[in-house]
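First to last, the sequence lines map onto chains X, U and L.
Each residue of the first sequence is one higher than the last, beginning at 8 in my numbering.
Each residue of the second sequence is one higher than the last, beginning at 8 in my numbering.
Each residue of the third sequence is one higher than the last, beginning at 8 in my numbering.
FYI, nobody ran anything at the bench for these hints, they're computed from the structure.
Small disclaimer: the values here were computed from a predicted structure and weren't measured.
Backbone N, C-alpha and C define an ideal beta-carbon position, used for all residues, glycine too.
Don't take every hint at face value.
Per the computed footprint, the stretches of chain L lying under chain U, defined by three or more beta-carbons under 8 Å from a beta-carbon of chain U, are [as the list claims (entries may be wrong)]:
hint, region
1, 64-76
2, 200-210
3, 229-240
4, 503-513
5, 517-530
Which residues of chain X face chain L? A partial, calculated answer using Cβ under 7 Å [to be verified]:
hint, residue
6, Ser204
7, Pro230
8, Val512
9, Ala536
10, Asn538
11, His575
12, Leu576
Residues from chain U that keep clear of chain X, each with C-beta distances beyond 12 Å, as calculated [to be verified]:
hint, residue
13, Glu148
14, Cys171
15, Ala224
16, Arg552
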Amino acid sequence: MQPAPSIPIDTRRHLRPPGIAFGGDYNPEQWPEEVWAEDVALMKEAGVSMVTAGIFSWAKVEPRPGEYDFTWFDRVMDNLAGAGVAVCLATMTASPPPWLSRLHPEILPETADGRRMWLGGRQHYCPSSAVYREHAARLVERLATRYADHPALEMWHIGNEYGCHTPMCWCDESAADFRRWLSERYGGIEALNDAWSTAFWSQGYDSFDEVLPPRLAPTFPNPAQQLDFARFSDDALLQCYLAENEVLRRSTPDVPVTTNFIGVHKPVDAFRWAAQEDVVSVDVYQDPHDEDTHVAAGFIFDVARSARAGQPWMLMEQAPSAVNWRDRNGPKPPGRMRLWSWQAVAQGADAVLYFQWRQSRGGAEKYHSAMLPHGGTDTRTFREVSELGRELASVPRIAGTRSTADVALVLDWNSWWALELDSHPSTALNQMDIALAHYRPLFEAGIACDVVPPDRDLSGYRLVVAPNLYLLKERDSERLTEFVRGGGHLLVSFFSGIVDNCDRVHLGGYPAPLSEVLGLRVEEFWPLAENETVDVRHVDGTVSRADLWSETVVPEGAQAVAEFGSGHLAGQPAVTRHSFGDGTAWYVATRLAPEAMRALTDDVCRTASAGPVLPGLPQHVQATVREGDGGRFVFLLNHGREEVEVRLPQPLTDALTRETAPADRITLPGAGVAVLTEP
Amino acid sequence: MQPAPSIPIDTRRHLRPPGIAFGGDYNPEQWPEEVWAEDVALMKEAGVSMVTAGIFSWAKVEPRPGEYDFTWFDRVMDNLAGAGVAVCLATMTASPPPWLSRLHPEILPETADGRRMWLGGRQHYCPSSAVYREHAARLVERLATRYADHPALEMWHIGNEYGCHTPMCWCDESAADFRRWLSERYGGIEALNDAWSTAFWSQGYDSFDEVLPPRLAPTFPNPAQQLDFARFSDDALLQCYLAENEVLRRSTPDVPVTTNFIGVHKPVDAFRWAAQEDVVSVDVYQDPHDEDTHVAAGFIFDVARSARAGQPWMLMEQAPSAVNWRDRNGPKPPGRMRLWSWQAVAQGADAVLYFQWRQSRGGAEKYHSAMLPHGGTDTRTFREVSELGRELASVPRIAGTRSTADVALVLDWNSWWALELDSHPSTALNQMDIALAHYRPLFEAGIACDVVPPDRDLSGYRLVVAPNLYLLKERDSERLTEFVRGGGHLLVSFFSGIVDNCDRVHLGGYPAPLSEVLGLRVEEFWPLAENETVDVRHVDGTVSRADLWSETVVPEGAQAVAEFGSGHLAGQPAVTRHSFGDGTAWYVATRLAPEAMRALTDDVCRTASAGPVLPGLPQHVQATVREGDGGRFVFLLNHGREEVEVRLPQPLTDALTRETAPADRITLPGAGVAVLTEP
Amino acid sequence: MQPAPSIPIDTRRHLRPPGIAFGGDYNPEQWPEEVWAEDVALMKEAGVSMVTAGIFSWAKVEPRPGEYDFTWFDRVMDNLAGAGVAVCLATMTASPPPWLSRLHPEILPETADGRRMWLGGRQHYCPSSAVYREHAARLVERLATRYADHPALEMWHIGNEYGCHTPMCWCDESAADFRRWLSERYGGIEALNDAWSTAFWSQGYDSFDEVLPPRLAPTFPNPAQQLDFARFSDDALLQCYLAENEVLRRSTPDVPVTTNFIGVHKPVDAFRWAAQEDVVSVDVYQDPHDEDTHVAAGFIFDVARSARAGQPWMLMEQAPSAVNWRDRNGPKPPGRMRLWSWQAVAQGADAVLYFQWRQSRGGAEKYHSAMLPHGGTDTRTFREVSELGRELASVPRIAGTRSTADVALVLDWNSWWALELDSHPSTALNQMDIALAHYRPLFEAGIACDVVPPDRDLSGYRLVVAPNLYLLKERDSERLTEFVRGGGHLLVSFFSGIVDNCDRVHLGGYPAPLSEVLGLRVEEFWPLAENETVDVRHVDGTVSRADLWSETVVPEGAQAVAEFGSGHLAGQPAVTRHSFGDGTAWYVATRLAPEAMRALTDDVCRTASAGPVLPGLPQHVQATVREGDGGRFVFLLNHGREEVEVRLPQPLTDALTRETAPADRITLPGAGVAVLTEP
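Excised from the complex, chain X in its bound form (with noise of 0.2 Å):
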């Protein structure tokens, strides 16, 4: 699959001023007309520049099959255009009108065990069905054709957050669409008996026909099985969302196409569909009961960025406060809100949206919070999203900067999917945690990182971060070991690069692959009990906790820089490291404590000579640098609720609160903000 084109944003339209696109879903059909002249001057009020319309207005637009009623989305754009405001244009598709499922109940997506779910949500739909995906092309034809040369039409926006409610069905649509997909990528059944391991437990095929989704089983379904089973899934998603998109390069191919991802979503690999895209963009929703929340954010703005090579991308939907979704949902505190979008900003973003501009006012989202509550403008909420939006507006030559970095964190969403199966040493091993484990030392230091795919070029990058890369092609793991060679830095941990693509193990010692650039061989897992720690002896003395997992690590040409002090594996290396070529590879066999971690980042980054933003950043205070024609921006963002002094490299001037003298340090309050330009 080749990425498409890119078409930057707003190439052919200008009606929105220039800079960062700030806005959000625009939901019209909840309310009566006469409320539609309050939004735009409301918009107008706040700042808004781009909407995204229409995502759920298909069974308005088409309340019967085949019959179709624009008009009164003809007065929505014509109202939104007239405003100035620009349209990021929904397909309508996410969620099929009753009347689909209605006539064809077999487009209802299944769960394993083979229970039927139905309409009342949303997203009721097999992403296999050729009757949605037909509904839906004929659907995006009429749309593409109508608005393809209005004035408001900035860009599409395809679907809306899929896979989020219903990323994979059993059904038997599905099931003949898997066997489909399977004959395709091994040809002949013997090939995928070879790929699935089915000597085992009795499982050879005779024949495609006689292959099922890993469905609801007496015990473990084949893990090869799961896993093509995810691969088929996130691609029947991604087919839905091609079949629209080819309509739409026909009818608008100077259109700029997205679709948003939800965070970074297991059931659906960033990095094949921002191929498919021609801007990335991305919902994230913080939860304001945890503490750390912007550090989870922060591996997904990072991944957003890196998912087209560091392209500005939009931050599609935030909540301007709370959400309904979580058990207890919290509104952001005072500040926070500016703060986390800011952060978008500072880490790549061109468009600060929200979901939604005017808060339903029934329906399962109705306290999902909006820019303008329920409670309506003298609302805190309105004031905040309000003086975000002049503020944003206040420094238009952010947007198309870009940032770089020295650091690479490798994310492969076949690895997370096996690494994730049953079956395992240990169930409790999470990708994303071991992910963010290694990654918030690094946020937290100040220091750069793209988060990429195993098969990005990674020359450009001085050290590499490998957490589980459990399944490892033979081809990756000989770029990375090239890298080393090269002279590039890595870091891996334990339980990375056991299998093949297939899941299967690659033999001769684990990490087969790995072995000779770590320099080891993994003689035994030996994962740890719920709640057993073991310590860890560093070569500097100090002794720190561990937990989940540890392993019997050979040495053969690495040297440990920490062992086992405890347990069974007592004596024996924690943590090693290996000169190789040019370049030299860490090894961490066991899950460290978040201050062992960190010291250990800290470590490697220097060996690597992967310094911070600017150094010597007080705790909790997030720096970053967006550079290109627009200037150059140093972005300050305090986490913390302290106020805390910044001392910067150079004199430098805060392009927010316009002061014009330059000034060497600066304090930010708690939730402060400071974007830095030079004078």
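Keeping the supplied structure of chain X fixed, place chains U and L upon it in accordance with the hints.
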């Protein structure tokens, strides 16, 4: 729906002596006929005056479709009549016989995720099933004809514990019935679309034919759909009841009719149902492992008494000792069964019945205690039962007396259903928890309390308490406002008055319909995280803890009587008081700790001049009064384990000890009971 | 059902050397044929003398319906024969090939709530499926014919781990088979109605056609129905076994037959099955994360030995190190695999086999350890395996020797099934927990113990222990009573002797059939709340804690040897002792803490003169004796981590060290093993 005319118990029949009815479920079909003579002999020994018979007799009286055999049941009825034991005769329709679901598998209910529920337990019928209703009516017709003039017949007991196990059904027949019900409710599909806010998530219906119950969906089903399905399901059960009731009204117009509620049960709106009964009856199963089980039971008793505006009610089922259906079923310790039975009488019951007379030898309830245990008459249980029978018989004049209350607690099933829907600011809100949090300090202070629906006439009360009255119709909020304006006192807790009858937010700032009377506006909900607490600082300087919920309260006339002392809302109002018209309205914006709730309740009651039945009660002692033609009875119940002394305002005589000399103080042992009368 | 005549292992064949068989599951179809030569070479290196082959070969020998290809398997058999490795030949029916469920989807099992279970794992067949059984028998016929005279064939291994994943099926074919089974059991429908107590809840059946398995129901399904369904399901599996067995008996009447139990597995009544085998075999998977895993394993070993009255048995599967199916799978620490293998031999095993020979490269069990790991021969596991192989081969004369015991612990699958049904006084009762609570102090004291069904001849024992023998047939209670009357000693724990074979309460006061021998009556059950404990005051003045359960015991001849010291039953008996006839009967009315259970067991054993194999054993050391034509062997196993010294009653020689000089004391390191023989 109009309340049916009430037929008092025992108008027509005088088989049993006057007074509190005593007895239990009698299931002679479980035993060979030679045991039946012993049954009636031991009933006399135990003081049994009434049994409810035939609950599960369908399979035995109609062993094959349309073939009836009542001869054995004739003998049961004759035996009972001969022994002077009145019969509350069940319509035998609680659990259909195996042949019915074999011939008509479509009567079997289905879960929301499409799993059929089968026979083997009980209540395995879809409430909307036409086949079930027809077969039930046919049986009731036979029963009514056969026993209309039987001397043992005192009352009809329709069905049994409606909705206990199968309160809702999602099958195709239920779906069709739901559509019919919606069509009647809304008239046209656009009214439904408006009520359900279907413009969101592309749910607009083009016809009622497209509508389904809220079956398993990829995410939260439409909340108004869920709410209407709760209403419909309650109504479908009620239609089962009414279909049988109609047969009985025709055949035996002068025999009173009841059905037994299962405590205060979310699926069944007791207030609606009670209007269709002649007498309210209720099943109450205290948990001996729960120290506060008598408070929760007291709440149920007050609902039972209030459901028909103070009319005496029947305790239809309680356990003589242990039950069988909790995970761990402890027996009632010595004296507790007596105490809790008297508590029912003290709170208005005119019947004390048990499940069941003779403990089953087999089946699912063989470990449910019975009046006559497996061990026979030489058991603590049989002794305690017999003693209570004699004791109750000694004060026959209690029957028919009534209580009055200055305080009403508002309970609305519609609001309950809506409050506990998903996708809310916090899913941890629980209607019963918050109702009991308000009820408990009233109970412990000895203040009589009715529990009423929001459309009940409030003019006779001094104080109205509305805990989490989330859904509030405009006309009900007007009634509350007028109540305060006219001098009433109102205590409202957080997250009240938020949505209308269709679960749509009342716009204009929360809680719009109560803002005037409460003198405030709520700007934001701040539900607390699990285990999170905040300080509350009261005007008297004390500090207490609160959890679960907090809100940004903007006073508009109200005064803070407590404010948050920590957290994001520190310094903002936590409890307010508002003088309005001739009355006062309080608002509680968080969940206060029990001691703070008690102090607040004391304050509010003092202001409202709502006092206890008896001043200066020792801890753990409950006091109530019943009064009427039979005299005035003061009930004292010691729920503690220690002996206490109660001072009386005037010398009174304990009707149970038969001491003739009145005393101005009385000593109650742990679990002790006194029934005081004026000398 | 009569036990089939037993065919001793190795009567016909002498391929392998005499002695303990050593080896494992051999699945060569997972590997290319060029690996097979290495397999047999390394088997010789590891001391392998027997493999069990073909378990999952069905799909490969019958790749299409009726098309057989045994040629590859011929080569496997020839290779093994050539290397002198005997084969326990599987019938290959454990997991049907994909084509079978595609052609006959009706063979797929269904859950109680109607969800079909699909292929992808293993055991995806309904045990009642006629199609499955026919296809299995057809295959076995072919196999038996082909290999009847093959020199490698030593035994037949029918199926594999019956009931491991699909012990029960609720599909329509199972329902029909259940009806047939019930009809045979009860003759007429009235007998079933009586047995199932269907008069309650209107469950009276008019015909067998109305009966169904206990599928999902609105509430507790009929308990006797559940109990009979457990019996039926066990029998349906056994019929699968017997159908294959019949083919083998015909073709190879002189080849012994076995099937492997999964430890002590609730769905499969090992005592019934063992009667249909020639040799008992069992799979045991210790959990290295559990400190007491060897005690639970010891219990299983004693069941295996007792199942055919002391006949040597086979450890058919154990893990060489880690398994793959728990949540966290630690490896066996150094020495433990050897220790636990010797424990099996010490408790009567004549075969020590593993799952599996060569670790799978792919599939669901690739992380299950194997004799030959992914890492090859230079691994701890291969070394430990090979050393054990040599060690076992060095003492061939152990094979065929037997043990005796003075103590029998009663285990009854019928009672187990009934005990753990729902709707009980406490659902926290667990048959294995309470059995192990009684077994553990015997094990730790070194007292040999058989585990027997209640209809076994008890006359040879001094002490019989009956933990939670809830369901008790009259004739079994008479056997226990006569045992005590004749001088035996009996220890019975709470909630025993409560119901008859149809789960109907024995009337006349609990536990009616044991009241005479125990000299008491139980009036009430007082199950304790979760986390609730009570004191127990022993006659010697010590106080211990108890939990889970308590009862009101009314002595009728018995004397209290401990009483409750707190709670509602303070001062009432907790443990009693009753002299009856020439023996004594104890009763324990609560769950004693482990140390109190140990003290009680010591007392009881002392009274019964049931002593340890070796007096004065250090803590953590297990001692057993096997004796026979091969001599007398004393096994000492140190389950602790520290070195200990064991004094011997007479000078003995350790057969493993090959020290020739006998010694009167022996030093065992942590995990150490000694096999002592008379010099």
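Taking the hints in turn, this is what the structure says about them:
A count of 0 residues in the region 64-76 of chain L with a Cβ less than 8 Å from any Cβ of chain U is obtained; the coverage claim is therefore unmet, three being the minimum. Residues of the region 200-210 of chain L with a Cβ under 8 Å from some Cβ of chain U number 8, which satisfies the need for three, so the listed coverage holds. Coverage of the region 229-240 of chain L by chain U holds. Counting CB-CB distances below 8 Å, 4 residues qualify, and the rule asks for three or more. Check result for the region 503-513 of chain L against chain U: holds, 4 residues qualifying (beta carbon to beta carbon below 8 Å, three or more required).
Beta-carbon proximity to chain U at under 8 Å applies to 3 residues in the region 517-530 of chain L; the threshold of 3 is reached and the given coverage holds. Of the supplied interface hints, the one on Ser204/X holds, with its beta-carbon coming within about 3 Å of a beta-carbon of chain L, less than 7 Å. A least Cβ separation of about 6 Å between Pro230/X and chain L falls short of the 7 Å threshold, and the interface hint therefore holds. Satisfaction of the interface hint for Val512/X is found here, the shortest Cβ-Cβ separation to chain L being roughly 5 Å, below the 7 Å cut-off.
Proximity of Ala536/X to chain L holds as hinted, the smallest CB-CB distance being about 4 Å (cut-off 7 Å). At a threshold of 7 Å, the smallest CB-CB gap from Asn538/X to chain L is about 11 Å, leaving the interface hint violated. Against a cut-off of 7 Å between C-beta atoms, the interface hint on His575/X holds, since the closest Cβ of chain L lies about 5 Å away. Given hint, Leu576/X at the interface with chain L, is violated; its Cβ is 10 Å from that chain's nearest Cβ, farther than 7 Å.
Every CB of chain X lies more than 12 Å from the CB of Glu148/U, the least distance being 38 Å, so the non-interface label holds. At roughly 25 Å from the closest C-beta of chain X, the C-beta of Cys171/U stays outside 12 Å, upholding its exclusion from the interface. Here Ala224/U does not stay apart from chain X, with its beta-carbon only about 4 Å from theirs, under the 12 Å limit. At roughly 17 Å from the closest C-beta of chain X, the C-beta of Arg552/U stays outside 12 Å, upholding its exclusion from the interface.
Consistency with the previously given hints fails for numbers 1, 10, 12 and 15, ordered from lowest to highest.
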